[in-house]
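Peer 1: Knowing the structure of chain A, use the given hints to seat chain B on it.
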Amino acid sequence: MSARPDDPALGLPARREDARVAVLVCGAIVNEVRDLIARRGWTVDVHGLPASHHLYPKEIAPAVEAKLGELDGYERVVVVYGDCGTFGALDRVLERFEHAVRPSGPHCYEMMMGAREFAVNATRRPGTYFLTSWLVRNWEQAVLKGLGLDRYPDLKEVYFGNSTALVYLRREADPRLDAKAREIADYLGLELEVRDSRAGDLEERLAALVEPVPATSRKKGEACASKS
Amino acid sequence: MRFEELSMAVENGDAPTAVELTQGLVDADTDALEILEGGLVPAMDVIGQRFSEGEIYVPEMLIAARAMKACLGILQPLLARYDSTKRGTVVLGTVKGDIHDIGKNIVGIMMEGSGFEVHDLGTDVDADRFILAIEELQPDIIGLSALLTTTMPNMKTIIEALVEASLRDRVVVMVGGAPLTQEYADSIGADAYAPDAASATERAKSLLGVA
Chain A
1 MSARPDDPAL GLPARREDAR VAVLVCGAIV NEVRDLIARR GWTVDVHGLP ASHHLYPKEI
61 APAVEAKLGE LDGYERVVVV YGDCGTFGAL DRVLERFEHA VRPSGPHCYE MMMGAREFAV
121 NATRRPGTYF LTSWLVRNWE QAVLKGLGLD RYPDLKEVYF GNSTALVYLR READPRLDAK
181 AREIADYLGL ELEVRDSRAG DLEERLAALV EPVPATSRKK GEACASKS
Chain B
1001 MRFEELSMAV ENGDAPTAVE LTQGLVDADT DALEILEGGL VPAMDVIGQR FSEGEIYVPE
1061 MLIAARAMKA CLGILQPLLA RYDSTKRGTV VLGTVKGDIH DIGKNIVGIM MEGSGFEVHD
1121 LGTDVDADRF ILAIEELQPD IIGLSALLTT TMPNMKTIIE ALVEASLRDR VVVMVGGAPL
1181 TQEYADSIGA DAYAPDAASA TERAKSLLGV A
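Chains A and B, in that order, give the protein sequences. Positions 1 to 228 (our numbering) are the ones given, in order, by the first sequence. Positions 1001 to 1211 (our numbering) are the ones given, in order, by the second sequence.
With the rest of the complex left out, here is chain A (with noise of 0.2 Å):
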C-alpha cells in the first residue's frame, strides 16, 4: 500500500475499532513505517502530517500539536519524528500530552543509518549530504524549490558547496528512484552511495513503543528517550 505522503486523506483515516495504538508519522517517513507496521503486524492506527512541515521546522511542533489534540480514545500515541530541528520544541510538546511519546533521535537519517553508524559517519564525514526515498522523489519540490534553487540556481554553492559526500537511504530498489538519485548526484557533482537502510534503527525502536501495549499506559519516557 503506497501513500502519497502530503495527501491530506493520510490524516484521515478510518478509526480501527481494536486499535488501542496510533502512530502518527511524518510523511518523509511514512512509506517506511507502513512496511514495517505491516511486517511486524501491529494493529494501529496510522494518521500523518504533511513532510513540507520540514521547510519550516518551526512549524512541526504546532502541526504534532494541533494533530494531538484531535486523538483522542487511544492509550498511546506514537509520534514518529525526531527532533527534527525542533530543538526540543516538539518534546515540550509531548510533555503536554501523557500518552503521547516519540522514538529516540535527532532526525529520520539517524534512525533510519543506525546511531553508531550515523555518530562514526558524523565524525569521519561531517560534510555528509543524505537523500532518503521520499527525498529522491520530492526532490525539485523539497529542495530545488524549497531552498528558492529554482528562482536562484546558483545558491547552489551557497547550500551545498560543503557537502563532500552523498549517502542515499534506500528504503527498496526502484530503478526510476536510483535513476533520479543519480541525476541528483550529478547536480550536487558527488559521489553517490546507496545504502538498503529500510527503516534502519527505526523499526525496533517503534517496536519498543507500539508492541506490546500494556493495559495501562507505560509512564512517560519508558521505553523512548523523548530528548534528543
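Hints in this document: simulated from the structure, not taken from any laboratory. A quick note: this is a predicted structure, and the numbers were derived from the prediction, not measured. C-beta: ideal position from N, C-alpha, C; glycine also. It is possible that some hints are incorrect.
[Said to hold, decoys possible] Derived CB-CB ranges, DEER-like:
(1) B/Tyr1057 x A/Arg125: 44 to 54 Å
(2) B/Arg1129 x A/Gly189: 21 to 31 Å
(3) B/Arg1002 x A/Arg125: 40 to 50 Å
(4) B/Gly1054 x A/Arg96: 16 to 26 Å
(5) B/Arg1168 x A/Arg20: 26 to 36 Å
(6) A/Gly189 x B/Gly1122: 16 to 26 Å
(7) B/Gly1122 x A/Glu204: 33 to 43 Å
(8) B/Gly1209 x A/Arg96: 40 to 50 Å
[As the list claims (entries may be wrong)] Okay, the calculated bits of chain A under chain B, using three or more residues with CB under 8 Å as the criterion:
(9) 123 to 133
(10) 151 to 162
(11) 193 to 201
[To be verified] Here are the simulated lysine to any residue pairs, SDA-like style, with alpha carbons at most 20 Å apart:
(12) A/Lys145 x B/Gln1182
(13) A/Lys58 x B/Thr1181
(14) B/Lys1069 x A/Pro153
(15) A/Lys58 x B/Gly1097
(16) B/Lys1069 x A/Leu155
(17) A/Lys58 x B/Pro1016
(18) A/Lys58 x B/Pro1059
(19) A/Lys156 x B/Ala1070
(20) A/Lys156 x B/Lys1156
(21) B/Lys1069 x A/Lys180
(22) A/Lys156 x A/Asn121
(23) A/Lys58 x B/Lys1069
(24) A/Lys58 x B/Ser1052
(25) A/Lys156 x B/Tyr1057
(26) A/Lys156 x A/Lys180
(27) A/Lys156 x A/Gln141
(28) A/Lys180 x A/Glu140
(29) A/Lys145 x B/Ile1102
(30) B/Lys1156 x B/Gly1097
(31) A/Lys58 x B/Asn1012
(32) A/Lys156 x B/Val1058
(33) A/Lys58 x B/Ala1070
(34) A/Lys156 x B/Thr1181
(35) A/Lys145 x B/Glu1055
(36) A/Lys58 x B/Gln1182
(37) B/Lys1156 x B/Tyr1184
(38) A/Lys145 x B/Lys1156
Peer 2: Only chain B this time, still in chain A's reference frame:
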C-alpha cells in the same frame, strides 16, 4: 536618492544593479563611509528585520547578503583609510564537526558592513585553530557557530581550551546557531548569545562599546 536606490537593490538581492550603483557613487566621489552607512547598512537592517519577522526566508536573505558583499568588495579598499571607523576585529568559525556556514557567513557580511574587521576561519574549526587565530590576529571577539545539537558541545570545548591557554580574558566569546539558547550560552561560559545575524552585529557593537 541614490542611497535609496542602492538600498532597494540590496534588499532585492539585485547584485549587478547594487554594484553598478555603488561604483557610480564612488566614481562621483561620494564618500565610501557615506555609501556604506547611507545605502548598505540600512538595507541589511531591513533584510534582518524582515527575516526575523518571517516576511522573507533564507533564499532572499542570502541573495541580499550576496549583493551586500559584492558592494563591500568595492568599498573596502576605500574604507581602509578610515582606520578610526574600524569598530573592532572579529574571528568567526563554525565549530569542529559542523560544516554549516550559511548563518555564520551572513553574520560575517553584516559585521563587515557595520565596520568590523572580520576574519572567517570557515567550518569544522577546532580549538587549536581558534587559539592560533587569537594569537595572530588579536581579535576583540570570537564568534562560534553551530547548527547541530551534536556539535554544540564543541563550543564548550573551545572555551575550555581558551581558559587552558590563558586566552579567555583576552577575547569576548559570542555564540550563535539555530539550536542555541541564552541558557546554553550561559551554561558553557560564553559572554554573549545572538539569535540571528542582525542581533549578533548589534550585540558585538554593544559589547565593545561602539554602538
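Peer 1: If a hint holds in the structure, say so; if it does not, say that too.
Peer 2: Evaluated hints:
The hint said 44 to 54 Å for the Cβ distance between B/Tyr1057 and A/Arg125, and at roughly 28 Å that hint is violated. The supplied range of 21 to 31 Å is met by B/Arg1129 and A/Gly189, whose beta-carbon atoms lie about 27 Å from each other. At roughly 48 Å, the beta carbons of B/Arg1002 and A/Arg125 sit within the given window of 40 to 50 Å. Here the CB-CB span from B/Gly1054 to A/Arg96 is close to 24 Å, well matched to the stated 16 to 26 Å.
Checking the proposed 26 to 36 Å range against B/Arg1168 and A/Arg20 shows it is violated: the Cβ atoms sit about 56 Å from each other. Distance hint for A/Gly189 and B/Gly1122: a CB-CB separation of about 19 Å, consistent with the stated range 16 to 26 Å. Judged by the Cβ atoms, the range 33 to 43 Å given for B/Gly1122 and A/Glu204 holds: they are separated by roughly 38 Å. A hinted range of 40 to 50 Å for the beta carbons of B/Gly1209 and A/Arg96 is consistent with their spacing of about 44 Å.
For the segment 123 to 133 of chain A, the stated coverage by chain B is satisfied: 3 residues place a CB nearer than 8 Å to a CB of that chain, which reaches the threshold of 3. Counting residues of the segment 151 to 162 of chain A whose C-beta sits closer than 8 Å to any C-beta of chain B gives 6, which meets the bar of three, so the coverage hint holds. Using a Cβ-Cβ cut-off of 8 Å, 0 residues of the segment 193 to 201 of chain A lie near chain B, which falls short of the minimum of three, so the contact claim is violated. The hinted pair formed by A/Lys145 and B/Gln1182 fails the criterion: a straight-line CA distance of about 33 Å is larger than 20 Å.
Only pairs whose Cα atoms come within 20 Å are accepted, and A/Lys58 paired with B/Thr1181 is accepted, the gap being roughly 15 Å. Taken as a hint, the B/Lys1069 and A/Pro153 pair is honoured in the structure, with Cα atoms around 18 Å apart against an allowance of 20 Å. A C-alpha spacing of about 24 Å is found between A/Lys58 and B/Gly1097, which places the hinted pair above 20 Å, so the restraint is violated. Taking the CA atoms of B/Lys1069 and A/Leu155, the gap is about 14 Å. The hint holds against a cut of 20 Å.
With a C-alpha separation of about 34 Å, the suggested pair A/Lys58 and B/Pro1016 falls outside the 20 Å cut-off, and the hint is violated. Distance check on the hinted pair: A/Lys58 and B/Pro1059 sit about 17 Å apart at the alpha-carbon level, within 20 Å; holds. Taking the CA atoms of A/Lys156 and B/Ala1070, the gap is about 18 Å. The hint holds against a cut of 20 Å. Using a Cα cut-off of 20 Å, the hinted pair A/Lys156 and B/Lys1156 is violated, with the two alpha carbons roughly 32 Å apart.
With a CA separation close to 35 Å, the supplied pair B/Lys1069 and A/Lys180 exceeds the 20 Å bound. Note on A/Lys156 and A/Asn121: the hinted pairing is violated, with a Cα-Cα distance of about 23 Å set against a maximum of 20 Å. This hinted pair does not check out: A/Lys58 and B/Lys1069 have alpha carbons roughly 29 Å apart, beyond 20 Å. The hinted pair formed by A/Lys58 and B/Ser1052 meets the criterion: a straight-line CA distance of about 13 Å does not exceed 20 Å.
The hinted pair formed by A/Lys156 and B/Tyr1057 meets the criterion: a straight-line CA distance of about 16 Å does not exceed 20 Å. Straight-line distance between C-alpha atoms of A/Lys156 and A/Lys180 comes to about 18 Å, which keeps the hinted pair within the 20 Å bound. Proposed proximity of A/Lys156 and A/Gln141 is supported: the alpha carbons are some 15 Å apart, at most 20 Å. At most 20 Å may separate the alpha-carbon atoms for a hinted pair to count; A/Lys180 and A/Glu140 meet this at roughly 11 Å.
At roughly 18 Å between alpha-carbon atoms, A/Lys145 and B/Ile1102 fall within 20 Å of each other, so this suggested pair holds. At most 20 Å may separate the alpha-carbon atoms for a hinted pair to count; B/Lys1156 and B/Gly1097 meet this at roughly 13 Å. A C-alpha spacing of about 25 Å is found between A/Lys58 and B/Asn1012, which places the hinted pair above 20 Å, so the restraint is violated. Our distance criterion of 20 Å between C-alpha atoms is met by A/Lys156 and B/Val1058, whose separation comes to about 13 Å.
This hinted pair does not check out: A/Lys58 and B/Ala1070 have alpha carbons roughly 32 Å apart, beyond 20 Å. As the CA atoms of A/Lys156 and B/Thr1181 are separated by approximately 29 Å, the hinted pair breaks the 20 Å bound. A hinted pair counts as satisfied when its Cα atoms are at most 20 Å apart, and A/Lys145 with B/Glu1055 qualifies at roughly 17 Å. Straight-line distance between C-alpha atoms of A/Lys58 and B/Gln1182 comes to about 18 Å, which keeps the hinted pair within the 20 Å bound.
With a C-alpha separation of about 10 Å, the suggested pairing of B/Lys1156 with B/Tyr1184 holds against the 20 Å cut-off. Of the supplied pair hints, the one linking A/Lys145 and B/Lys1156 is violated, its CA atoms being roughly 36 Å apart against a limit of 20 Å.
In terms of the numbered hints stated before, the structure departs from hints 1, 5, 11, 12, 15, 17, 20, 21, 22, 23, 31, 33, 34 and 38, listed from lowest to highest.
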